[in-house]
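Please build the complex by placing chain B on the supplied structure of chain A, with the hints as guidance.
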Amino acid sequence: MEVKLDKQYPLDVDAARAWALLTDLKATANCMPGAEITEQLSETSFKGGVKVKVGPAVAQFGGTVDVIEAVAAERKMVLRGKGADKGGSSASMDLTAIITADPANPAHCILNGQAAVIVNGKFAQFGGRMMVQVSDMLLAQFVENFRQTALTLPAAEGSPTAAAQVAGSAAASVGDAAAPAAPKAPVVAREINGLAIFWALVKSWFGGLLGKKA
Amino acid sequence: MNAPVLSAEARELALAGMGASRLRKEDARFIQGKGNYVDDIKMPGMLHMDIVRSPIAHGRIVKINKEAALAIPGVHAVLTADDLKPLKLHWMPTLAGDVAAVLADEKVHFQMQEVAIVIADDRYIAADAVEAVEIEYEELPVVLDPYAALQPGAPVIREDLAGKTEGAHGKRDHHNHIFTWDAGDKSAADAAFDKAEVTVSQHMYYPRVHPCPLETCGCVASFDPIKGDLTTFITSQAPHVVRTVVSMLSGIPESKVRIVSPDIGGGFGNKVGIYPGYVCAIVASIVLGRPVKWVEDRIENISSTAFARDYHMDGELAATADGKITGLRVNVVADHGAFDACADPTKFPAGMFHIVSGSYDIPAAHASVKGVYTNKAPGGVAYRCSFRVTEAVYLIERMVDVLAQKLGMDKAEIRAKNFVKKEQFPYTSAFGFEYDSGDYQTALDKVLEAVDYKGLRAEQAAKRADPNSPTLMGIGLVTFTEVVGAGPSKMCDILGVGMFDSCEIRIHPTGSAIARMGTITQGQGHQTTYAQIIATELGIPSEVIQVEEGDTSTAPYGLGTYGSRSTPVAGAAIALAARKIHAKARKIAAHMLEVNENDLDWEVDRFKVKGDDSKFKTMADVAWQAYHQPPDGLEPGLEAVHYYDPPNFTFPFGIYLCVVDIDRATGETKIRRFYALDDCGTRINPMIIDGQIHGGLTEGFAVAMGQQMPFDAQGNLLGNTLMDYFLPTFVETPHWETDHTVTPSPHHPLGAKGVAESPHVGSIPTFTSAVVDAFSHLGVTHLDMPHNAFRTWKALREHGAAL
Numbered sequence: 001m002e003v004k005l006d007k008q009y010p011l012d013v014d015a016a017r018a019w020a021l022l023t024d025l026k027a028t029a030n031c032m033p034g035a036e037i038t039e040q041l042s043e044t045s046f047k048g049g050v051k052v053k054v055g056p057a058v059a060q061f062g063g064t065v066d067v068i069e070a071v072a073a074e075r076k077m078v079l080r081g082k083g084a085d086k087g088g089s090s091a092s093m094d095l096t097a098i099i100t101a102d103p104a105n106p107a108h109c110i111l112n113g114q115a116a117v118i119v120n121g122k123f124a125q126f127g128g129r130m131m132v133q134v135s136d137m138l139l140a141q142f143v144e145n146f147r148q149t150a151l152t153l154p155a156a157e158g159s160p161t162a163a164a165q166v167a168g169s170a171a172a173s174v175g176d177a178a179a180p181a182a183p184k185a186p187v188v189a190r191e192i193n194g195l196a197i198f199w200a201l202v203k204s205w206f207g208g209l210l211g212k213k214a
Numbered sequence: 001m002n003a004p005v006l007s008a009e010a011r012e013l014a015l016a017g018m019g020a021s022r023l024r025k026e027d028a029r030f031i032q033g034k035g036n037y038v039d040d041i042k043m044p045g046m047l048h049m050d051i052v053r054s055p056i057a058h059g060r061i062v063k064i065n066k067e068a069a070l071a072i073p074g075v076h077a078v079l080t081a082d083d084l085k086p087l088k089l090h091w092m093p094t095l096a097g098d099v100a101a102v103l104a105d106e107k108v109h110f111q112m113q114e115v116a117i118v119i120a121d122d123r124y125i126a127a128d129a130v131e132a133v134e135i136e137y138e139e140l141p142v143v144l145d146p147y148a149a150l151q152p153g154a155p156v157i158r159e160d161l162a163g164k165t166e167g168a169h170g171k172r173d174h175h176n177h178i179f180t181w182d183a184g185d186k187s188a189a190d191a192a193f194d195k196a197e198v199t200v201s202q203h204m205y206y207p208r209v210h211p212c213p214l215e216t217c218g219c220v221a222s223f224d225p226i227k228g229d230l231t232t233f234i235t236s237q238a239p240h241v242v243r244t245v246v247s248m249l250s251g252i253p254e255s256k257v258r259i260v261s262p263d264i265g266g267g268f269g270n271k272v273g274i275y276p277g278y279v280c281a282i283v284a285s286i287v288l289g290r291p292v293k294w295v296e297d298r299i300e301n302i303s304s305t306a307f308a309r310d311y312h313m314d315g316e317l318a319a320t321a322d323g324k325i326t327g328l329r330v331n332v333v334a335d336h337g338a339f340d341a342c343a344d345p346t347k348f349p350a351g352m353f354h355i356v357s358g359s360y361d362i363p364a365a366h367a368s369v370k371g372v373y374t375n376k377a378p379g380g381v382a383y384r385c386s387f388r389v390t391e392a393v394y395l396i397e398r399m400v401d402v403l404a405q406k407l408g409m410d411k412a413e414i415r416a417k418n419f420v421k422k423e424q425f426p427y428t429s430a431f432g433f434e435y436d437s438g439d440y441q442t443a444l445d446k447v448l449e450a451v452d453y454k455g456l457r458a459e460q461a462a463k464r465a466d467p468n469s470p471t472l473m474g475i476g477l478v479t480f481t482e483v484v485g486a487g488p489s490k491m492c493d494i495l496g497v498g499m500f501d502s503c504e505i506r507i508h509p510t511g512s513a514i515a516r517m518g519t520i521t522q523g524q525g526h527q528t529t530y531a532q533i534i535a536t537e538l539g540i541p542s543e544v545i546q547v548e549e550g551d552t553s554t555a556p557y558g559l560g561t562y563g564s565r566s567t568p569v570a571g572a573a574i575a576l577a578a579r580k581i582h583a584k585a586r587k588i589a590a591h592m593l594e595v596n597e598n599d600l601d602w603e604v605d606r607f608k609v610k611g612d613d614s615k616f617k618t619m620a621d622v623a624w625q626a627y628h629q630p631p632d633g634l635e636p637g638l639e640a641v642h643y644y645d646p647p648n649f650t651f652p653f654g655i656y657l658c659v660v661d662i663d664r665a666t667g668e669t670k671i672r673r674f675y676a677l678d679d680c681g682t683r684i685n686p687m688i689i690d691g692q693i694h695g696g697l698t699e700g701f702a703v704a705m706g707q708q709m710p711f712d713a714q715g716n717l718l719g720n721t722l723m724d725y726f727l728p729t730f731v732e733t734p735h736w737e738t739d740h741t742v743t744p745s746p747h748h749p750l751g752a753k754g755v756a757e758s759p760h761v762g763s764i765p766t767f768t769s770a771v772v773d774a775f776s777h778l779g780v781t782h783l784d785m786p787h788n789a790f791r792t793w794k795a796l797r798e799h800g801a802a803l
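Protein sequences appear in the order of chains A and B. Each residue of the first sequence is one higher than the one before, counting from 1 in the working numbering. Each residue of the second sequence is one higher than the one before, counting from 1 in the working numbering.
Chain A with its partners taken away, still in its complex shape:
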């Protein structure tokens, strides 16, 4: 079962900070619901896992993530993840993430993601029909976590626009800005919530129906 995704997410974070977070693979992985990097095997190779819970069924994929390419000039990162679940499923993903500046607003950026996810075994057999929707849900949750985490990063030095943005957000939320330099971990969903996925599916389905009629 192969799912291809090509998504653009506008973020209210400047490109430099988003890129800084993206290159910190451990931190980025933490933004993925249920995912965790447990061990660094080399400069570009990591060991980790993802836990997905849908109702009573839990799939726990363990595997590796390799950085195939990281081009700072283009803010482009190519990753390959591979893993297997003990219950008889395996998965692999080729992901290309590129951060582009938002031409209209230098304090914002766009996160472009292209992914090819291949799932084999029970997960593909049972979950095949919901793969696209579940992937969409996961990504949406990931992007929200990513955004929140990126916002807690200090602005890149010597970047006036970024500094201005930080000042701006500090003005909006004095408490946070006044906090010590260490970024405060945002509250991110650590596990994929089956009920939330189901609810989101129902919403998007009805949304689709209404959209068609309108």
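One thing to keep in mind: the hints can contain errors.
The list that follows gives simulated cross-link-like pairs (lysine-lysine, DSS-like), each with its CA atoms no further than 27 Å apart [as the list claims (entries may be wrong)]:
#	chain 1	residue 1	chain 2	residue 2
1	B	Lys186	B	Lys324
2	B	Lys63	B	Lys85
3	B	Lys85	A	Lys86
4	B	Lys608	B	Lys580
5	B	Lys794	B	Lys670
6	A	Lys82	B	Lys63
7	B	Lys454	B	Lys422
8	A	Lys51	B	Lys63
9	B	Lys186	B	Lys490
10	B	Lys421	B	Lys186
11	B	Lys421	B	Lys446
12	A	Lys4	B	Lys422
13	B	Lys63	A	Lys47
14	B	Lys490	B	Lys463
15	A	Lys86	B	Lys63
16	B	Lys490	B	Lys347
Here chain B is said to cover these stretches of chain A; the calculated rule only asks that three of the stretch's residues, wherever they fall, bring their Cβ under 8 Å from a Cβ of chain B [unchecked claim]:
#	segment
17	88 to 102
18	114 to 125
Pair ranges (Cβ atoms, derived) [to be verified]:
#	chain 1	residue 1	chain 2	residue 2	range
19	B	Leu803	A	Met130	28 to 36 Å
20	A	Met131	B	Asp160	32 to 40 Å
21	B	Leu722	A	Met131	32 to 40 Å
22	A	Lys26	B	Leu803	40 to 48 Å
23	A	Lys82	B	Glu166	50 to 58 Å
24	A	Ser42	B	Asp160	33 to 41 Å
25	B	Glu106	A	Thr44	28 to 36 Å
26	B	Asp297	A	Met131	17 to 25 Å
27	A	Gln114	B	Met248	54 to 62 Å
FYI, nobody ran anything at the bench for these hints, they're computed from the structure. Predicted model only: the values in this text are computed from it and were never measured. Even glycine gets a Cβ: it sits at the ideal position worked out from N, Cα and C.
Coordinates of chain B only, in the frame set by chain A:
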């Protein structure tokens, strides 16, 4: 001794013999939940087995780590191919002359292939331990399409066959090629096409489906390390063949191997083969010295045990301008999966596919079937049909429709024009089959009249003329001939054992009887119908005749039940064993009545002295005498064994008609009417025949309208649960109308031909014929199955017929 005087008719009725709609003897225990299936069997000290299966369709096994699984309390063993290697049991022979991996040896060839087994105290621990076995795979490119598999650079599926250019059925010309099998006369067929006034051709795909019996496969293996004997309770349609194979594989003498098929919850071909799970459970029991139970779950059953069909077929007909068929050519690419594990008679790698000339007198014909390996589960069994007959009947019936459409002829008319005529029987087809008997025209006329065919066509014309009609109406017609009752041992064998069957009858001193058979019932009602044959042959009430099957330590050797062979082969063995007893009984009766044998007449249940109704001995009288004081020169006792080797196959036929209404908005197909006329020769129990026909039609409906096994590009099977795989219930199943004619088989002792598979074989093309007929005015000649609402809706849109 003389009983109250009853008329011969009354006594015959009391026997409940052949022709009686006797209620099924089996049902009393089934409806009370007192059946005894494999999973009901519990033995002291019994352990449980579960299987670790491959999540991917093609890959190399890099590493297997058993430690975590072995550390779980209650786990006794984890075995892989490496553990079976010293016993030479990591591969096993298949019934088709190939080998199949018992546990994946270095490579996995299809998704859900068996890679390791776990033996534990209970089923739950075994399942947990399966998850704890860590296996690392290196994925390989997957080939699912048999045409792609035959391309020059296609991935090599069977590395174990490297360099092997000679297969079990001749030359292999590609690493994924299994065999090419030809039948008929190619040059004669080509000549017919060269001269033809009209030709038609059609490609069609008969999808991969699964027999999906209600009970999945399983066994309980029990090796006694003290006595050195092995007993295995198993879901097998052919227990004697299993005994022979187990003895050959294990080296245990056949006399120390006992195979028992207890109650079987449906087989439909799925339970003919020998599966890795059986072999592993037996090995585990031998290694551990304790009974081991293995019962697969539904997903395992649909994913890994034998599928059926998966034939990509090209048919061609040559004909005269007025619709007389002059030639037939067929080319098939058969997807056999990763191992060739079809359960056909050894010499027929495409089974009886050459029945493809059907009910028609076709002077020249040729068929070629090419078997191909792909990364799918092995199988290719006869799903409620004689070997590959369903595929053959589908092809010819579709082709005749296509030709009729091209010529603008009516479906019924073109069939009548090409039928083998009643007076042509016995008829030898272009493929060499000798059809025993048939009367197709009488049967067709009966059906057309019963349904008012002309009226239906008029109604269809009216609907087509109305652009606002909410439905498209279609009429399907099929006039099929089956070949069953495999088979004559000069042509048919399984692993070298001829396809005869057997019966042993013992009449007890008080006149009751027991019959033991080489077949095994899986719902066919043998305990009921076999007793009826004996009742009629020997004049003993069927109520006091016990029928036993399935235990190799008591039953005579037989090849089992599949391919509608029980009545044509075992039924004949019963009749002939009974006739041996009858001949001895006549001698005893003559002695008792003090007359010459020739002075006796047989009447229902007794030998009578000619011309004197008051002087007679019933079979019960004779039985007592046989054990009490047999005449001089005769052995005591009254029993016989017969091994019946049929002189020919039998050829049941049928005329099926179906009317459908297709909703132009939703694509839903409503089966308005289905009329099935079957001719299975002599009818033993009309009620059971009706039941068989209802069951077969329902399974045919399932195949035609919904069953499929779709794979994604990676080889994941996306339809292996009953959520996805269509098993019709009362909700979906249409109403069936049945009818019959009787054309006995001249070479069968009872004239019976077998019936259980005709409704499956015949109904599937009838549904397609009806659905395509609904579209035929739009120029559509064929639509592939399954005819589910989505696919039909797409066809409606494609041809501008959707509302």
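Here is how each hint holds up against the structure:
Between lysine 186 of chain B and lysine 324 of chain B, the direct Cα distance comes to roughly 20 Å. Compliance with the 27 Å bound is thereby established for this hinted pair. A threshold of 27 Å between alpha carbons decides the hint, and for lysine 63 of chain B with lysine 85 of chain B the separation of about 17 Å falls inside it, so the pair holds. For the suggested pair lysine 85 of chain B and lysine 86 of chain A, the alpha carbons sit about 26 Å apart, so the restraint of at most 27 Å is met. Among the hinted pairs, lysine 608 of chain B with lysine 580 of chain B is consistent with the structure: their alpha-carbon atoms are about 19 Å apart, no more than 27 Å.
Our distance criterion of 27 Å between C-alpha atoms is met by lysine 794 of chain B and lysine 670 of chain B, whose separation comes to about 17 Å. For the given pair, lysine 82 of chain A sits about 16 Å from lysine 63 of chain B by alpha-carbon distance, which is consistent with the 27 Å threshold. Using a Cα cut-off of 27 Å, the hinted pair lysine 454 of chain B and lysine 422 of chain B holds, with the two alpha carbons roughly 25 Å apart. This hinted pair checks out: lysine 51 of chain A and lysine 63 of chain B have alpha carbons roughly 24 Å apart, not beyond 27 Å.
A C-alpha spacing of about 25 Å is found between lysine 186 of chain B and lysine 490 of chain B, which places the hinted pair at or below 27 Å, so the restraint holds. A hinted pair counts as satisfied when its Cα atoms are at most 27 Å apart, and lysine 421 of chain B with lysine 186 of chain B qualifies at roughly 25 Å. Distance check on the hinted pair: lysine 421 of chain B and lysine 446 of chain B sit about 16 Å apart at the alpha-carbon level, within 27 Å; holds. Under the criterion of a C-alpha separation no larger than 27 Å, the hint pairing lysine 4 of chain A with lysine 422 of chain B is inconsistent with the structure, at around 62 Å.
Note on lysine 63 of chain B and lysine 47 of chain A: the hinted pairing holds, with a Cα-Cα distance of about 18 Å set against a maximum of 27 Å. Taking the CA atoms of lysine 490 of chain B and lysine 463 of chain B, the gap is about 55 Å. The hint is violated against a cut of 27 Å. This hinted pair checks out: lysine 86 of chain A and lysine 63 of chain B have alpha carbons roughly 14 Å apart, not beyond 27 Å. Restraint check for lysine 490 of chain B and lysine 347 of chain B: satisfied, since their Cα atoms lie roughly 11 Å apart, inside the 27 Å limit.
Given a C-beta distance limit of less than 8 Å, the hint that chain B covers the segment 88 to 102 of chain A holds, as 3 residues qualify and 3 suffice. Judged by the Cβ-Cβ criterion of 8 Å, the segment 114 to 125 of chain A is covered by chain B as claimed, because 7 of its residues qualify and three suffice. Here the CB-CB span from leucine 803 of chain B to methionine 130 of chain A is close to 31 Å, well matched to the stated 28 to 36 Å. In this structure the hint that methionine 131 of chain A and aspartate 160 of chain B lie 32 to 40 Å apart at CB holds, the actual value being about 35 Å.
Roughly 21 Å separates the CB atoms of leucine 722 of chain B and methionine 131 of chain A, a value that falls outside the hinted 32 to 40 Å. Checked against the given bound of 40 to 48 Å, the beta carbons of lysine 26 of chain A and leucine 803 of chain B, roughly 57 Å apart, lie outside it. The hinted window of 50 to 58 Å between lysine 82 of chain A and glutamate 166 of chain B is violated, with their beta carbons roughly 40 Å apart. For the hinted restraint 33 to 41 Å between serine 42 of chain A and aspartate 160 of chain B, the CB-CB distance of approximately 37 Å keeps it satisfied.
Range check, glutamate 106 of chain B to threonine 44 of chain A: about 31 Å between beta-carbon atoms, so the 28 to 36 Å window is met. Distance hint check for aspartate 297 of chain B and methionine 131 of chain A: the Cβ-Cβ separation is about 23 Å, which falls inside the suggested range of 17 to 25 Å. For the hinted restraint 54 to 62 Å between glutamine 114 of chain A and methionine 248 of chain B, the CB-CB distance of approximately 56 Å keeps it satisfied.
Hints 12, 14, 21, 22, 23 from the list above are not met by this structure, while the remaining hints are.
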